[in-house]
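Build the full structure now, drawing on both the sequences and the hints.
Line order of the protein sequences matches chains H and P. Residues 1 to 119 (the working numbering) make up the first sequence, in order. Residues 1001 to 1119 (the working numbering) make up the second sequence, in order.
FYI, nobody ran anything at the bench for these hints, they're computed from the structure. Careful, some of the hints might be misleading.
Quick partial rundown of chain P residues pointing at chain H, CB under 7 Å, derived from the structure [what the hints assert, rightly or not]:
| no. | residue |
| --- | --- |
| 1 | N1005 |
| 2 | G1037 |
| 3 | L1069 |
| 4 | P1071 |
Idealized CB from N, CA, C, for every residue including glycine.
Protein chains: 2
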Amino acid sequence: MEKVNLSEKFNLFEEFWTPKIAGELNDQYIKLAKTKGEFVWHKHDDEDEFFLVMHGALTIKLRDKNIHLEPGEFLIVPKGVEHKPVSEHEAHVLVFEPKNTKHTGDVESEITVKKFDWI
Amino acid sequence: MEKVNLSEKFNLFEEFWTPKIAGELNDQYIKLAKTKGEFVWHKHDDEDEFFLVMHGALTIKLRDKNIHLEPGEFLIVPKGVEHKPVSEHEAHVLVFEPKNTKHTGDVESEITVKKFDWI
Chain H
1 MEKVNLSEKF NLFEEFWTPK IAGELNDQYI KLAKTKGEFV WHKHDDEDEF
51 FLVMHGALTI KLRDKNIHLE PGEFLIVPKG VEHKPVSEHE AHVLVFEPKN
101 TKHTGDVESE ITVKKFDWI
Chain P
1001 MEKVNLSEKF NLFEEFWTPK IAGELNDQYI KLAKTKGEFV WHKHDDEDEF
1051 FLVMHGALTI KLRDKNIHLE PGEFLIVPKG VEHKPVSEHE AHVLVFEPKN
1101 TKHTGDVESE ITVKKFDWI
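Next comes the structure, spelled out in structure tokens:
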């Protein structure tokens, strides 16, 4: 049982859109993602997702609006809602979601990560 | 579906050890707690708890050691583990835990909150 320093963990990897697992609780994972550029449109039929920006800025595009997140701001995307995360510049994001959440939800893409690594 | 700015939410209340609900997902709550002084020793038999310090410092006392958390650091306290959060000075903490988690777990105290308010 050890604490986790988010900055130290973010310094351990470089890849964008490849979340790493930093903690596990109540069948949920705490994941750390570096974002830059565009992710794919997708939805999760059964899982709500929490995004908290720690560094940089992340925009969550929805079909009817865009939500821009700065450090210290979070958004919960409810199950079934199509979304597309984008970051103009590098951002660091903490994600909280059920363990069985698929990376790109209902779509499969060349960027889909099928197995998440712990960091 | 709106974003939440943590600093703005923390500015809306003053009470210590009285977490407010700032979000809900997958039968879990996102809670915001202001901490200062000592909480009570307790455990949760069925729920793991996540503590992320956003401002100030929080120490989680365990029976065999103390874990000191600064901003950007988190700790997951597994179910069944006795713990006592303490802060010498005011701190702001983000908590993830199942919706049915009791404030002071297996003990009841004069500081026990039985119904959490949304903020």
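Verification of the supplied hints:
1. Nearest Cβ of chain H to the Cβ of N1005(P): about 5 Å, under the 7 Å cut. The hint holds.
2. Contact between G1037(P) and chain H, as hinted, is not supported at the beta carbon level, the nearest pair being about 21 Å apart and thus beyond 7 Å.
3. At about 6 Å, the closest approach between the beta carbon of L1069(P) and any beta carbon in chain H falls short of 7 Å, and the interface hint on this residue holds.
4. With a cut of 7 Å, the hint placing P1071(P) at the interface with chain H is violated, because the nearest CB-to-CB distance is about 9 Å.
In this structure, the earlier hints numbered 2 and 4 are contradicted, and the remaining ones agree with it.
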